[in-house]
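Enquirer: Read off the chains here:
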Amino acid sequence: MSDSPALPKAAPGMRNLARTLEIDTRLLGMIGAFIALCLVFHFLTDGRFLTPRNIFNLTIQTVSVGIMATGMVFVIVTRHIDLSVGSLLATCSAMMAMTQTLVTPEWLGLGLNHPLTAPAAIVVGLGTGIVIGAFHGWLIGYLGIPAFIVTLGGLLVWRNVAWYLTNGQTIGPLDGNFQLFGGIGGTLGETWSWVFGLICAAAALYAIWQSRRNKISHDFPVKPLWAEIALGALVTAAILGFIAILNAYQIPERRLERMFEARGEVLPEGFTAGYGLPISVLLLIAVAVTMTIIANRTRLGRYIFATGGNPDAAELSGINTRLLTVKVFIMMGILCAISAVVASSRQTFHSNDIGTLDELRVIAAAVIGGTALAGGVGTIYGAILGALIMQSLQSGMAMVGVDAPFQNIVVGTVLVVAVLIDTIYRKRTGD
Amino acid sequence: MADTIDRSGTPLVEMRDISIAFGGIKAVNHVSVDLFPGEVVGLLGHNGAGKSTLIKCLSGAYRMDAGEIFINGDKAAINNPRDARRYNIETIYQTLALADNLDAASNLFLGRELTTPVGLVDDARMEAETRQIMGRLNPNFQKFSAPVSALSGGQRQSVAIARAVYFNARILIMDEPTAALGPQETRMVADLIDELKRQGLGIFLIDHDVHQVKELCDRAAVMKNGELVGVVDVDSVSVDDILAMIIAGKKPQMAA
Chain A
785 MSDSPALPKA
795 APGMRNLART
805 LEIDTRLLGM
815 IGAFIALCLV
825 FHFLTDGRFL
835 TPRNIFNLTI
845 QTVSVGIMAT
855 GMVFVIVTRH
865 IDLSVGSLLA
875 TCSAMMAMTQ
885 TLVTPEWLGL
895 GLNHPLTAPA
905 AIVVGLGTGI
915 VIGAFHGWLI
925 GYLGIPAFIV
935 TLGGLLVWRN
945 VAWYLTNGQT
955 IGPLDGNFQL
965 FGGIGGTLGE
975 TWSWVFGLIC
985 AAAALYAIWQ
995 SRRNKISHDF
1005 PVKPLWAEIA
1015 LGALVTAAIL
1025 GFIAILNAYQ
1035 IPERRLERMF
1045 EARGEVLPEG
1055 FTAGYGLPIS
1065 VLLLIAVAVT
1075 MTIIANRTRL
1085 GRYIFATGGN
1095 PDAAELSGIN
1105 TRLLTVKVFI
1115 MMGILCAISA
1125 VVASSRQTFH
1135 SNDIGTLDEL
1145 RVIAAAVIGG
1155 TALAGGVGTI
1165 YGAILGALIM
1175 QSLQSGMAMV
1185 GVDAPFQNIV
1195 VGTVLVVAVL
1205 IDTIYRKRTG
1215 D
Chain B
16 MADTIDRSGT
26 PLVEMRDISI
36 AFGGIKAVNH
46 VSVDLFPGEV
56 VGLLGHNGAG
66 KSTLIKCLSG
76 AYRMDAGEIF
86 INGDKAAINN
96 PRDARRYNIE
106 TIYQTLALAD
116 NLDAASNLFL
126 GRELTTPVGL
136 VDDARMEAET
146 RQIMGRLNPN
156 FQKFSAPVSA
166 LSGGQRQSVA
176 IARAVYFNAR
186 ILIMDEPTAA
196 LGPQETRMVA
206 DLIDELKRQG
216 LGIFLIDHDV
226 HQVKELCDRA
236 AVMKNGELVG
246 VVDVDSVSVD
256 DILAMIIAGK
266 KPQMAA
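Just so you know, the protein sequences line up as chains A and B, in that order. Quick note: our numbering has the first sequence finishing at residue 1215, numbered continuously throughout. Quick note: our numbering has the second sequence finishing at residue 271, numbered continuously throughout.
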């Protein structure tokens, strides 16, 4: 019975501390890389990078790719790939745009900005995502066509189905309520953002406490109480700090004036208001929590990871791996539809090129976030952090004034280097 | 050993006239074997003789082309591993069939997770159960939170065995359970087989080692080229007789 491979000797203190706190060292590394990246850009842009305004923009720019990246984790964990997410997003967006500009106002005679328009459009979008995702899953799981081929075909097919549906036209403006999902057009405001932040912090603390109680009830070893309290304090500070930053981004006076005018009031002297948490970011948080629960706490998630680790073992354990493939691609389709809501409402219209190259950004986000292409390994939070790192890199370089070709050269290089570092890390730790 | 088995009643398992072919090659050709409660039947033969294939029809991994399986005298329909588990048939595969990226508890309960009242998987309870059964099977086992890829061959084997034993198997299939093990761990498996026999389980044991079969089994079924050479009481034949059956396909005179 051999012991695990010897750990590298470097920094035993840090490693022991991380182990006591039961924190993933890989997560720490990613957060460290992200902070370093932010500081470098902050310095290079003379302090324009880490401002409430830019952080607000970064978060809303990350949402669309972040949502899809969580689904890509499951796809890659089960040893598949999805090259069609950008095109699928375009088809869902086209279906929703046609629903809210043609079907409900004209065919159903509801007129513009009817309260039912946005929900109807979203239902149509989700339905489109589910049907196409299920179709992909069926081709891959039941007919045995490799996912690479099915979704490579899908990349071409769905991009051009979207084109055909809209005759290649830009469709807009989209419904007013629908546009609330776009980011700056729909935020919670300061009060509700604080309420949401406090609820999140309370939920996180409760989860930590519950997990400790559960371990004690089964006589499992628990980490020291001070570590537990430190972790809770850190999480609370991070959540409330994030809310404080988003609240600190002030709505410009002009815009406030117009908002008060629309209500027939006059802007009081000295009145200010922060944007607070965008609804699109709220959506990303909801998706992240749901997907994390699916991954860690449901049978579905357990089967996804088991199938990725050893498909034969999963089959012999009575798991229907074909149906599982269909379910994974249905989830991917749903997430593409949600991303389509965010992406199209953020630009206030549907355009023919929406979501172009998103498949590469989404796969890169998942891979930078530690999802292994060999299958079986990946985390939801990693993928979202990966999306955030990609987006920071892109907008940071744009702010510094790096030429467009160099931006893409850097992003491509970072992707490869990130995977190289991850490979070395895995070899060292024997994970 | 053999004289303690009561074979007058209904067999626990009766595989009757089983055939399965892969692309024209008859991997198993009209083979019949049976198994009684508290009995260990060894399956012997060269690589490619068809013993693993035959047994995979019972465990639901393969679907037989022809033949019938009776469990406790009733005809059983086994089309997939889930069906086999419903008949309390558990299998320890030669490859162990473990998901390397998951921990011991997740593997032990794979496909049969314990859940909380709201339907979420109850990892704490599964780990507690795993600690309990591993404490009985392999008291040295400590790595409960590590993925099984970090375990040694013997530890991995004990996870696979724990999975088969935990769910109250009535019929146990072991495909070369000691192939990857050292002498001490092999002893552990032998003791376990004896204990399970006493509890009245029926065990099919696939093995290459004729001496081990003589020691652990009550009867031995020998296969060659997909066909059954014969079934013998291990105590009434010599090692050489069994080897002759494996190599030459010759059935000894004295065996019934």
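Certain hints may be false.
As the list claims (entries may be wrong) - What the simulated footprint calls covered on chain A by chain B, stretch by stretch (three residues with Cβ under 8 Å from a Cβ of chain B suffice, anywhere in the stretch; the number is not a length): (1) 870-876; (2) 1074-1082.
To be verified - Taking lysine-lysine and the DSS-like style, the derived pairs with C-alpha atoms no more than 27 Å apart in a straight line are: (3) B/K229 / B/K158; (4) A/K1007 / B/K41; (5) B/K265 / B/K41; (6) B/K90 / B/K265; (7) B/K229 / B/K265; (8) B/K158 / A/K999; (9) B/K229 / B/K266; (10) A/K1211 / B/K158.
Said to hold, decoys possible - Over 12 Å on every C-beta distance to chain B, these chain A residues come out as not near it, computed from the model: (11) V908; (12) N961; (13) A1028; (14) R1038; (15) E1041; (16) G1085; (17) A1158.
None of these hints come from the bench; they were simulated from the model. For every residue, glycine included, the Cβ atom is placed at its ideal position computed from N, Cα and C.
Enquirer: All hints are to be evaluated individually against the structure, with a verdict given for each.
Expert: Verification of the hints:
1. 870-876: With 0 residues closer than 8 Å to chain B, the segment 870-876 of chain A misses the three-residue bar; violated.
2. 1074-1082: holds (count 3)
3. B/K229 / B/K158: Violated: B/K229 and B/K158 sit about 35 Å apart, past 27 Å.
4. A/K1007 / B/K41: violated, 58 Å
5. B/K265 / B/K41: holds, 20 Å
6. B/K90 / B/K265: violated, 32 Å
7. B/K229 / B/K265: Distance ~18 Å between B/K229 and B/K265 Cα, so the pair holds.
8. B/K158 / A/K999: Between B/K158 and A/K999 the Cα gap is close to 16 Å, so the pair holds against 27 Å.
9. B/K229 / B/K266: It holds: about 16 Å lies between the C-alpha atoms, which stays within 27 Å.
10. A/K1211 / B/K158: Satisfied, since the Cα-Cα distance of roughly 20 Å is no more than 27 Å.
11. V908: For A/V908, whose nearest Cβ neighbour in chain B is about 30 Å away, the distance exceeds 12 Å, so it holds.
12. N961: With a cut-off of 12 Å, A/N961 remains clear of chain B, as the shortest Cβ separation is near 33 Å.
13. A1028: Per Cβ check, A/A1028 is outside 12 Å of chain B; nearest 33 Å; holds.
14. R1038: Non-interface label stands for A/R1038: nearest chain B Cβ at 49 Å, farther than 12 Å.
15. E1041: Correct as stated: the minimum Cβ-Cβ distance to chain B is 49 Å, above 12 Å.
16. G1085: Answer for A/G1085: violated, closest chain B Cβ roughly 8 Å.
17. A1158: violated, 10 Å
Of the hints listed earlier, those the structure fails to meet are numbers 1, 3, 4, 6, 16, 17, in rising order.
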